[in-house]
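> Now for the letters of each chain:
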Amino acid sequence: MRDLRLALRAGGGFGLGLAFFLILAVLVPLGVGPEPEVLARIAPGVLWVGALLACLLSLDRIFALDYEDGSLDLLATAPLPLEAVVAIKALAHWITTGLPLVLVSPVLGLLLFLPGAAYGWLIVALLLGTPALSMIGAFGAALTVGVKRGGLLLSLLVLPMYVPTLVFGAELVSRGAQGLSVGTPLALLAGITAGAAAILPFAAALVLRINLR
Amino acid sequence: MRDLRLALRAGGGFGLGLAFFLILAVLVPLGVGPEPEVLARIAPGVLWVGALLACLLSLDRIFALDYEDGSLDLLATAPLPLEAVVAIKALAHWITTGLPLVLVSPVLGLLLFLPGAAYGWLIVALLLGTPALSMIGAFGAALTVGVKRGGLLLSLLVLPMYVPTLVFGAELVSRGAQGLSVGTPLALLAGITAGAAAILPFAAALVLRINLR
Amino acid sequence: MGLRVCDLAVARGGVPLLEGVNFALAPGQALVLRGPNGCGKTTLLRVVAGLQPALSGTVEGGEAVAYAAHADGIKATLSVAENLSFWGAVYGAGDVKAALERMNLRALSGRAAATLSAGQKRRLGLARLLVTGRPVWVLDEPTVSLDAASVALFADLVRGHLAAGGMALIATHIDLGLPEAQELDLRAHKARLPEPGDAGGFDEAFL
Amino acid sequence: MGLRVCDLAVARGGVPLLEGVNFALAPGQALVLRGPNGCGKTTLLRVVAGLQPALSGTVEGGEAVAYAAHADGIKATLSVAENLSFWGAVYGAGDVKAALERMNLRALSGRAAATLSAGQKRRLGLARLLVTGRPVWVLDEPTVSLDAASVALFADLVRGHLAAGGMALIATHIDLGLPEAQELDLRAHKARLPEPGDAGGFDEAFL
Amino acid sequence: MMPDLGRYALEVSLAYIASLGLIGLLVLWVWLRGRAVRRALDELENDRSDNA
Amino acid sequence: MVSIWQYANPLRFMRTTDWLLPIVAWLAVAVTAVGLIWGFFFTPDDFRQGATVKIIFLHVPSALMAINAWIMMLVASLIWLIRRHHVSALAAKAAAPVGVVMTLIGLITGAVWGQPMWGTWWAGDPRLTSFLILFLFYLGYIALWAAIEDPDTAADLTAVLCLVGSVFALLSRYAAFFWSQGLHQGASLSLAPGTRVDWAYKAPLYISMTGFGLIFVALVLAGTRTEIRARRMKALVARERMA
Ligand code: HEM
Ligand SMILES: Nc1ncnc2c1ncn2[C@@H]1O[C@H](COP(=O)(O)OP(=O)(O)OP(=O)(O)O)[C@@H](O)[C@H]1O
Ligand SMILES: Nc1ncnc2c1ncn2[C@@H]1O[C@H](COP(=O)(O)OP(=O)(O)OP(=O)(O)O)[C@@H](O)[C@H]1O
Ligand SMILES: [Mg+2]
Ligand SMILES: [Mg+2]
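Protein chains in written order, with this note's numbering: chain A, 1 to 213; chain U, 1001 to 1213; chain L, 2001 to 2207; chain D, 3001 to 3207; chain Y, 4001 to 4052; chain G, 5001 to 5243.
Simulated from the structure, these hints should not be mistaken for lab results. Here a beta-carbon is modelled for each residue, glycine too, at the ideal position from N, C-alpha and C. Any given hint could be a false lead.
On the chain Y side, residues computed to face chain G include the following (Cβ under 7 Å) [unchecked claim]: (1) GLU4011; (2) VAL4012; (3) ALA4015; (4) SER4019; (5) LEU4022; (6) LEU4026; (7) LEU4028; (8) VAL4030; (9) ARG4033; (10) GLY4034; (11) VAL4037; (12) ARG4038; (13) LEU4041; (14) LEU4044.
Away from chain G, derived, C-beta distances all over 10 Å, residues of chain U [claimed, not checked]: (15) PRO1106; (16) PHE1113; (17) PRO1115; (18) GLN1178.
Turn these sequences into a full structure, and let the hints guide you.
Here it is as structure tokens:
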């Protein structure tokens, strides 16, 4: 859809989510200390928390800009169903933020001494999990769209909803690193993403309509 | 000054920075796993990174709102020097974000099994370091004030500048925890804060004037 | 076809503003809403556009509406032409080139919308109406910031739209140069305070 | 005392817009700037207010300016009275109560600014001028969204300010009902294109 | 001709290939962008002198 | 005596670089080729590091140039802020991508070298970390240039960022050394404690350092020319609109 192209073009911050992810991977060792064993132990968790935060920081762009300049009012009266608008915007967010994170994560794994066996699972986990992050985030962004600079409120609402994704995602990677079976977290992660993609666009569109009123 | 009171009132997000900090402290054990030894080892670093991110998320409020609604133009033509405006806004940001973090950090230390000896130093370190975070952040916010929803760009610019504060702050806490001497990081942390408070308001005011032009 | 508003009552922030508003627009007709600041013109238009529920009464034909609000819905980072073609794509109709030409924006078409002056932005906002292909235009103070020449251009635009069988509902404070349009003064429809104890005390508790 | 603009040239986004602008305001005088959309009125006012450097020429008396732009600088979360008293505190002058009274805002004084209608917001923006205590008012389309009664109120306000020895520089497209004000048509001051190859190719490279 | 890099053949050649490749990419980018801008400018100047 | 400020005149700069750039470019290619070919083919293996020592001819020059590029940007930014010479601002803009690539080469060659030497791609070493932070500063600088529409505003803002950023980059470097002692070589040309560096290594190293320096100069000149043209184009388009 054109909306996607325009979202990409207007969003601008293609590399920025990446850069943020990178910075986080640099900061954590600086805070925690340089010991490789400790870092390797916490690497999957840190990478997941980093992906989460990188998503989070770009969430407020999803609807707030459109709300402020009045586009959202106009989109709501346009022939496109608002559910489709939400889904497209979440997809655009994932493509600009989630996908680059997935691609660059192995490099950051290096910085955090992630064990070799875990790299494949890291990619799989992020690939499965980040769409859910974008979708949940779009819902949160729809909830807070009327709040000026609601960045912090948004994170407050969204982060708890990210918990299941985070837990299963990090678990998947660390099990993968230790060579344990990964079936359960894999299935759960996929389930969360599928569920989010199926239900949340409707919830988000509903909430948007209420916020516009 | 009245500006401060109004900033507090308008900022709104008094508890939000706190809540974010709290959520992060909860998320990290979820991502990393529940082992107390590992958590205790990384607690100072995680708390510092958390403080940093909580600051970061509320930074874009410092000037962007005023820019968008035209207040910044009006403030620039007001009798108050812009340097004072910047300093007051940074102070207000610290009071709404940094100070609550300092006060609540011992509780979060508990969640992360921070060793007993470190609590005092944690408070001292945050108390000394967070004003620098707010001041550096105000400079970054002034740089990106013309960029719409520049949250990610802002973090890319600001986070690298946070590195010295983070390193000395985390080092101070973990040395304190191990009972080592803390003189050097303490002095350096204080030095960074003092230097930032002395110089950055001028740089930020300069940058704001350029952005308004 | 057409827009029909029957016995409409609207409220904003829980406060009833207007009531008993009745009007109908047939193709080729325009209606200008008048009333002092804060009387509820914007609120009424939002109800007609379907963005807000009515307190009571009905709006027929609200789905054929193209709405232009105080804010223009312009993306500052996109160029003028890109802004328009985005809306053209959303509505799946309309000729962007012709709309640019019509609103005298061709020279500006490559410029980022952020660099437009207040009046130029407004012209872009009005050009959007042309690419919607919708028959009913609902316009909230469309001539704000426009100079005399542009106001005349706008009047022309509306006249052309009416001639093509369109309709227009316009809230404004100034003289638009559209003598053929009907006028509706909203002062006559100011909502009365509900009588104490009117509706059995239940609704009253929340008004 | 007074505002004196000598041979001013202004540019926006690197493009020269106006040149050779000369005027002087003595206490009690008002000047209305006229010109089509995009001719550079806003830019000129920003230069006079000291927000933007001039391309050439001088502005004397720019530090005594109270500027009111297209945007009103209103904090949506603060109440009307709080918004005003903030600016009163910044300028260390002015009587907030009287300003509210004057602009007919007393009934709204406790309302959050976000809930005001377009015209009410604009009235609040104008009330701000009263609490600045500055002698030179620089106003960019001050009557946008105002109804006829409020426009008259505004004209009164300006007249009172002039009578008290103030000055006003106003850009507008409509008739303000201020016959005593001088007018300056900016079309006469449109900047010429620099001749190609003018300054030995140096300045030309960057305009 | 090729020197014997011993055990570290992979590392050393990787370093050389990556570095030279990166410099090559950079040079290419600078060159292409320079060419594109120069052409666009020439076109503009031609238009201008045509009009004058 | 022709002052160097004359080259702040874009026209003069273009005229000079017209003939200067090809010379510098070809010189850069030649010198780098000599240095790297000598280093790769005609140096003996080190008795402890084996063939990996050959990486030094890439690693050290690129690392040095990465730092020098930032210093050059700092100086150019100062000149822009103080004397408002447009060419200077544009040169700073043109230097940033070159600096990033140099930093990236330093990081990659270091990592590739670290694998055999330290048994790890990456280590919590201060020099490595501070280098990575320098990389971040470059990214931020470039992102800020890209984010701002108006060229003069962008030049001003990035110049201030460069000044303030330099202070913090320096502080970060100091902080990184405080944070960990590290594995990396000290700032001398000794490859390992106790071994004197032989001219067999030093000569090609110095030659490649010169070569990398010339590459940097050539690319910055070329980039500055492009930026000047782009700037002029913007001005012309704007002027067209005026008419
Ligand atoms: C990712 C890994 C590495 C990075 C980012 C890195 C970075 C740097 C930097 C920035 C310099 C510039 C000199 C300075 O800062 O004073 C440098 C110099 C140098 N590096 Fe590395 N380095 C890395 C790995 C290595 C390894 C594995 C070795 C060899 C075992 C090595 C050997 C050297 C040598 C010999 C110098 C020259 C020192 C001097 O005399 O100034 N580096 N490196
Ligand atoms: N949340 C709210 N709570 C109470 N009153 C509100 C709220 N929001 C708006 N109002 C009031 O509702 C009234 C109607 O506003 P509306 O924007 O519809 O007016 P309008 O006729 O468009 O005025 P204008 O000509 O100034 O644009 C105004 O008096 C406004 O103050
Ligand atoms: N960054 C820019 N680059 C090029 N031109 C610009 C830029 N910003 C503004 N302009 C142009 O400068 C001109 C002057 O704008 P200005 O806002 O001063 O006009 P104005 O007289 O206030 O118009 P209006 O009556 O519509 O408010 C406009 O034509 C605008 O398109
Ligand atoms: Mg209205
Ligand atoms: Mg204007």
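> All hints are to be evaluated individually against the structure, with a verdict given for each.
Against the structure, the hints come out as follows:
Here the hint on GLU4011/Y is kept, as its CB sits about 5 Å from the closest CB of chain G, short of 7 Å. Residue-level restraint check for VAL4012/Y holds (minimum Cβ-Cβ distance to chain G is 5 Å; threshold 7 Å). This hint holds: ALA4015/Y has a C-beta 4 Å from the nearest C-beta of chain G, less than the 7 Å allowed. The beta carbon of SER4019/Y comes within 5 Å of a beta carbon in chain G, closer than 7 Å, and the hint placing it at the interface holds.
Evaluation of the LEU4022/Y hint against chain G yields a held restraint, the C-beta minimum of about 5 Å falling below 7 Å. Proximity of LEU4026/Y to chain G holds as hinted, the smallest CB-CB distance being about 5 Å (cut-off 7 Å). Taken as an interface hint, LEU4028/Y does not check out: its beta carbon lies about 11 Å from the nearest beta carbon of chain G, beyond 7 Å. The restraint placing VAL4030/Y at the interface with chain G holds, with a minimum CB-CB distance near 5 Å, inside the 7 Å limit.
With 7 Å as the threshold, the beta carbon of ARG4033/Y comes within range of chain G, its nearest partner Cβ sitting at about 6 Å, so the hint holds. Restraint check, GLY4034/Y versus chain G: the minimum CB separation of about 4 Å is within 7 Å; hint holds. Given the 7 Å rule on beta carbons, the hint for VAL4037/Y holds: about 5 Å separates it from the nearest Cβ of chain G. Below 7 Å, beta-carbon pairs count as interface contacts, and ARG4038/Y has one with chain G at about 6 Å; its hint therefore holds.
Proximity of LEU4041/Y to chain G holds as hinted, the smallest CB-CB distance being about 5 Å (cut-off 7 Å). Contact between LEU4044/Y and chain G, as hinted, is supported at the beta carbon level, the nearest pair being about 5 Å apart and thus within 7 Å. The Cβ of PRO1106/U sits about 24 Å from the closest Cβ of chain G, beyond the 10 Å cut-off, so the non-interface label holds. Against the 10 Å criterion, PHE1113/U stays outside the reach of chain G, whose nearest CB is about 23 Å from its own CB.
Listed as a non-interface residue, PRO1115/U keeps its Cβ farther than 10 Å from every Cβ of chain G; the least gap is roughly 20 Å. The Cβ of GLN1178/U sits about 15 Å from the closest Cβ of chain G, beyond the 10 Å cut-off, so the non-interface label holds.
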